[in-house]
Amino acid sequence: MLFNSLQFAILMVVVFLSIELFKNNALRLSILLLSSYVFYYTDSGPLFVLLLFSSLLGFYTGKKVHESAALGKRKFFLILSIVGNLGVLALFKYTNFAIRVANDIGSLFGASPSLSALSIVLPVGLSFFTFQTMSYTFDIYRKKLTPSDSFLKYALFISFFPQLVAGPIVRASEFLPQLEKKVLMLSENLKQGLTYIGWGLAKKVVFADNLAPLVDSVFSDPIGLSSFHIIIGTLAFGVQIYCDFSGYSDIAIGAAGIFGFKLPKNFNKPYFACNPSDFWGRWHITLSTWLKDYLYIPLGGNRKGRSRTFINMMITMFLGGLWHGAAWNFVIWGIYHGVLLVAYKWIAGRFSLIKGRIASIIVTQYFIFLGWLMFRVGNFEHLLFAIRKFLFLDFFSAGISGIMPFFLENKFSILLIAVFFYLHALSYKMPDIIERINSARLSYWFAYAMLISLLLFLFTPSASKAFIYFQF
Amino acid sequence: MNAKVCKRLLYSNLKPAVPVLVCRGMGCYKFIPALRLYYSILADDWQMAKKFMKLRAQQFIHTIKRVAPFPKAVGKARIAILLVLAVLASFSAYSLIIKIYVDPYLEEYSALNRARMLFEFYSADNAKIDSGKVYYWGASAIKEDVDAGLIDSLNSSLRHYNLGNPASTPLRRIAELEGAINSKPKAVVIGVGYMSFSGQWLFPYDQYALISEYVDLNDPALSSVYNGTYKKLLDMNSLELLVYKRKFISAAADKDIGLLKHRLLGAKKPDFYKKYNSDFKSEGILSQYSELHDPEFIEKLEAKTDFSEYNVPKGTNAEKLAFELMIQKLSKNKIKVVIVKIPLNPNLVKRIPAEYKKNFNAFLDEASRKYKFAVFDYTLRYNESYFYDAHHLNRDGKEIFSRDLGLKVIKTIG
Numbered sequence: 001m002l003f004n005s006l007q008f009a010i011l012m013v014v015v016f017l018s019i020e021l022f023k024n025n026a027l028r029l030s031i032l033l034l035s036s037y038v039f040y041y042t043d044s045g046p047l048f049v050l051l052l053f054s055s056l057l058g059f060y061t062g063k064k065v066h067e068s069a070a071l072g073k074r075k076f077f078l079i080l081s082i083v084g085n086l087g088v089l090a091l092f093k094y095t096n097f098a099i100r101v102a103n104d105i106g107s108l109f110g111a112s113p114s115l116s117a118l119s120i121v122l123p124v125g126l127s128f129f130t131f132q133t134m135s136y137t138f139d140i141y142r143k144k145l146t147p148s149d150s151f152l153k154y155a156l157f158i159s160f161f162p163q164l165v166a167g168p169i170v171r172a173s174e175f176l177p178q179l180e181k182k183v184l185m186l187s188e189n190l191k192q193g194l195t196y197i198g199w200g201l202a203k204k205v206v207f208a209d210n211l212a213p214l215v216d217s218v219f220s221d222p223i224g225l226s227s228f229h230i231i232i233g234t235l236a237f238g239v240q241i242y243c244d245f246s247g248y249s250d251i252a253i254g255a256a257g258i259f260g261f262k263l264p265k266n267f268n269k270p271y272f273a274c275n276p277s278d279f280w281g282r283w284h285i286t287l288s289t290w291l292k293d294y295l296y297i298p299l300g301g302n303r304k305g306r307s308r309t310f311i312n313m314m315i316t317m318f319l320g321g322l323w324h325g326a327a328w329n330f331v332i333w334g335i336y337h338g339v340l341l342v343a344y345k346w347i348a349g350r351f352s353l354i355k356g357r358i359a360s361i362i363v364t365q366y367f368i369f370l371g372w373l374m375f376r377v378g379n380f381e382h383l384l385f386a387i388r389k390f391l392f393l394d395f396f397s398a399g400i401s402g403i404m405p406f407f408l409e410n411k412f413s414i415l416l417i418a419v420f421f422y423l424h425a426l427s428y429k430m431p432d433i434i435e436r437i438n439s440a441r442l443s444y445w446f447a448y449a450m451l452i453s454l455l456l457f458l459f460t461p462s463a464s465k466a467f468i469y470f471q472f
Numbered sequence: 001m002n003a004k005v006c007k008r009l010l011y012s013n014l015k016p017a018v019p020v021l022v023c024r025g026m027g028c029y030k031f032i033p034a035l036r037l038y039y040s041i042l043a044d045d046w047q048m049a050k051k052f053m054k055l056r057a058q059q060f061i062h063t064i065k066r067v068a069p070f071p072k073a074v075g076k077a078r079i080a081i082l083l084v085l086a087v088l089a090s091f092s093a094y095s096l097i098i099k100i101y102v103d104p105y106l107e108e109y110s111a112l113n114r115a116r117m118l119f120e121f122y123s124a125d126n127a128k129i130d131s132g133k134v135y136y137w138g139a140s141a142i143k144e145d146v147d148a149g150l151i152d153s154l155n156s157s158l159r160h161y162n163l164g165n166p167a168s169t170p171l172r173r174i175a176e177l178e179g180a181i182n183s184k185p186k187a188v189v190i191g192v193g194y195m196s197f198s199g200q201w202l203f204p205y206d207q208y209a210l211i212s213e214y215v216d217l218n219d220p221a222l223s224s225v226y227n228g229t230y231k232k233l234l235d236m237n238s239l240e241l242l243v244y245k246r247k248f249i250s251a252a253a254d255k256d257i258g259l260l261k262h263r264l265l266g267a268k269k270p271d272f273y274k275k276y277n278s279d280f281k282s283e284g285i286l287s288q289y290s291e292l293h294d295p296e297f298i299e300k301l302e303a304k305t306d307f308s309e310y311n312v313p314k315g316t317n318a319e320k321l322a323f324e325l326m327i328q329k330l331s332k333n334k335i336k337v338v339i340v341k342i343p344l345n346p347n348l349v350k351r352i353p354a355e356y357k358k359n360f361n362a363f364l365d366e367a368s369r370k371y372k373f374a375v376f377d378y379t380l381r382y383n384e385s386y387f388y389d390a391h392h393l394n395r396d397g398k399e400i401f402s403r404d405l406g407l408k409v410i411k412t413i414g
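Here the protein sequences come in this chain order: A and B.
Oh and the first sequence: position 144 is 144 in the numbering used here, straight run, nothing missing.
Oh and the second sequence: position 98 is 98 in the numbering used here, straight run, nothing missing.
Treat each hint with caution, since some may be false.
[What the hints assert, rightly or not] With a Cα cut of at most 30 Å, we get these calculated DSS-like pairs of lysine-lysine:
no., chain 1, residue 1, chain 2, residue 2
1, B, K76, A, K23
2, A, K411, B, K76
3, B, K268, B, K247
4, B, K76, A, K182
5, B, K357, A, K411
6, A, K265, B, K76
7, A, K411, B, K261
8, B, K231, B, K247
9, B, K261, B, K133
10, B, K370, B, K320
11, B, K300, B, K268
12, A, K304, A, K292
13, B, K372, A, K181
14, B, K357, B, K314
15, B, K341, B, K300
16, A, K411, B, K255
17, A, K153, B, K76
18, A, K411, B, K314
19, A, K411, B, K408
20, B, K133, B, K334
21, B, K275, B, K358
22, A, K411, B, K274
23, A, K144, A, K304
24, B, K358, B, K281
25, B, K133, A, K411
26, B, K350, A, K262
27, B, K372, B, K314
28, B, K320, A, K411
29, B, K275, B, K99
In case anyone wonders, no lab produced these hints; they're calculated from the structure.
As the structure is a computational prediction, the values presented were derived from the model and not from experiment.
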């Protein structure tokens, strides 16, 4: 069920009215849980049991970890939770990738590919809810959290529909306390939620969906294209993925906000990052902090010397890349970002390379957008070609006669890219623009709602695309 | 305590000045407008009452604002109503944009409107009373190659109408069958080529959407040949069509950019299709075919490696089913059917795989035996000097073909 679909709007209205109808808090929570399951079932069908399995496993192991006094027993239940969740993740997400790798290795030694791929469907949101479950058990193990004594509340934390399939990844310590309070649907929550939903929809529908055809046309077969095509395609993809994912996050934050729940911020103007480390503090914040807290720091973080820090960074980013998808390009993308972080850390400690914020933003973004190529292009030959064109510019190899038809054919998309960067720059000077809209007079808010709906009516493409992060 | 005293004074029978003075003395200024209002109503002084009512309203709003700062004073219902109103207002604005920007573009600058104009043609009153009409159906090869005016002049009592429509195939055409039958033509001449039955030609989705208001999908014959995508497009209601039309906004903007470039830079003017769409005689030659031959045709043909759009399958497909259904229905309504294999450039024909040609001919041979219709084969009748490109004749070709075909049709129909 896409957020930009009529079904989702109907679900929201039904849940909203149902909660308004019943005043009992347990009943309200049950309605939210039931609607979350309905939401997940419509996308995943019978694979819905995986969500139940992960919820039950997390609830049980969390309780056991808390109750057990002996360290060995605590560890056992922690490992049980990790193995259970990672096992499901590995089975559904990485089995076919492992088979491909095994066949590739076999063929290196002259063996013909003998393992055939399994017909496994990846359930949506698997990477997100398994990570939430694991963080819950981890926090209890580290005595930072006491387990929830209500399965209803715990299950709702795992499966709360606004953030179930593509985050933001919520920590139990942030969400469970909110469930202890009464579900309150205040008018200001409704207004704020709708403001966020409108903002997110505009990002997704107006920008991301309208840029998709340009991106697809460039990267479906980039061989033979000039640097101009590749760079425009890369810029378009950078804007597309940001608007797609941050649009989703805004809708999730807004939808949760309507019911009085606060979800963490997932993006903070990532294209203003002035170094790779800064970028990861602004892009998919809930994943990067998850990886930092549950992987990088347990590995030793920066406490065990310089070289160990670099290794920990590389491992974290490698697994972060792999989390995004079972394909080599995601692995390469993760390693690339690991290298960027290590190189930045190493260089920044010795030299003062770039002076001035704007220059450092431009240099950083050059490398970030180069990374998007690795993220987007799955075919290795295509990827190498695109990287070569991105690095060694040959704008005029296609000639004006080669560029002009492309430019004319995609002028609306190119205009959208320009508008996006203008608005992005404007948002730097006007932080918290959504909050401003939200606290504006009702007449202004009405104008905002009208403008957003008009944009949606005018610019919704005939074929709407699923959110990119649904596949992870 | 003071407030209580003032409230009591409000309803006392004292002269107006006294309670006002008492209130002022006690520092309860907020009661003064109320008192004045009360006494002015008692005194039947409505002008004064109006003034104080206004003052009272201002005081009320001030109190509301003070007691409940703005966002908190807004109820959920009010937000929801505002949202609905905003959506309705923006939809009205959107409809207006479509009405004043997209519809004129479709009418004047888009060849897509040809499909709509055909329905208009069928339902026109003059079409209904004319009993000697011959329709020429087919894709652009019919539209551009058949001069119905010239055929009219061949000393016949029949009136010939070129109802060709670019990219039209039997499946597309069958949607207008009911309208055509109701307009009672004497005969229908259908131009077909390999692409008509391949099922792999470019699919004119937008034409289906634009004619949805004319098509009745309750007809089981129609439902049987269309799959889900076609049905969805043909079954649009006016609201859905209004939403669908947003996809033409960029094309309309392109047209405006083209016009601007034409005015400022002297670039080629965007094609104006209004006359083309409602032209059912197709006399003369289109400006794009003004030259005798497309100078790039041979180059483009030599570069072409994929001929799948000409691949007529051996078995049946939706196009073939639609064609047979069309013949059946026309014959059932006593409308004579003549099939014309359209003229094609020999340079193209020799490149099309033999199997495609064999399947095409076999299908038409079998259908003509089954449904007893005449087939005129013009595929290789003319040499390449008569062609502008692969499928379209040039000025000379159009004249000679129209004359040949016209005479044959008149003779066959009688």
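Holds or violated: K411 of chain A with K255 of chain B, Cα cutoff 30 Å? 14 Å, holds
Would the hint linking K76 of chain B and K23 of chain A be met if the CA-CA limit is 30 Å? The hint holds at about 16 Å.
Take a quick look at whether K341 of chain B and K300 of chain B sit within 30 Å of each other, Cα to Cα. 24 Å, holds
Taking only the CA atoms, is the gap from K268 of chain B to K247 of chain B under or equal to 30 Å? The hint holds at about 24 Å.
Is K133 of chain B close enough to K411 of chain A, meaning Cα to Cα at most 30 Å? Status violated; Cα separation ~47 Å.
Are the Cα positions of K358 of chain B and K281 of chain B separated by 30 Å at most? 33 Å, violated
Within 30 Å, alpha carbon to alpha carbon, are K411 of chain A and K314 of chain B? This hinted pair is violated, its Cα atoms lying about 43 Å apart.
Between the alpha carbons of K300 of chain B and K268 of chain B, is the straight-line distance 30 Å or under? It holds: about 22 Å lies between the C-alpha atoms, which stays within 30 Å.
Would the hint linking K76 of chain B and K182 of chain A be met if the CA-CA limit is 30 Å? 18 Å, holds
Are K370 of chain B and K320 of chain B close enough, with their CA atoms no more than 30 Å apart? Measuring from Cα to Cα gives roughly 14 Å; hence the hint holds.
For a C-alpha distance cap of 30 Å, please report whether K133 of chain B and K334 of chain B respect it. 13 Å, holds
Just to be careful, I want the Cα atoms of K153 of chain A and K76 of chain B compared with a cutoff of 30 Å; is the pair within it? 26 Å, holds
Going down the numbered hints, you'll see the structure goes against 2, 5, 9, 13, 18, 19, 21, 24, 25, 26 and 28, while the others check out.
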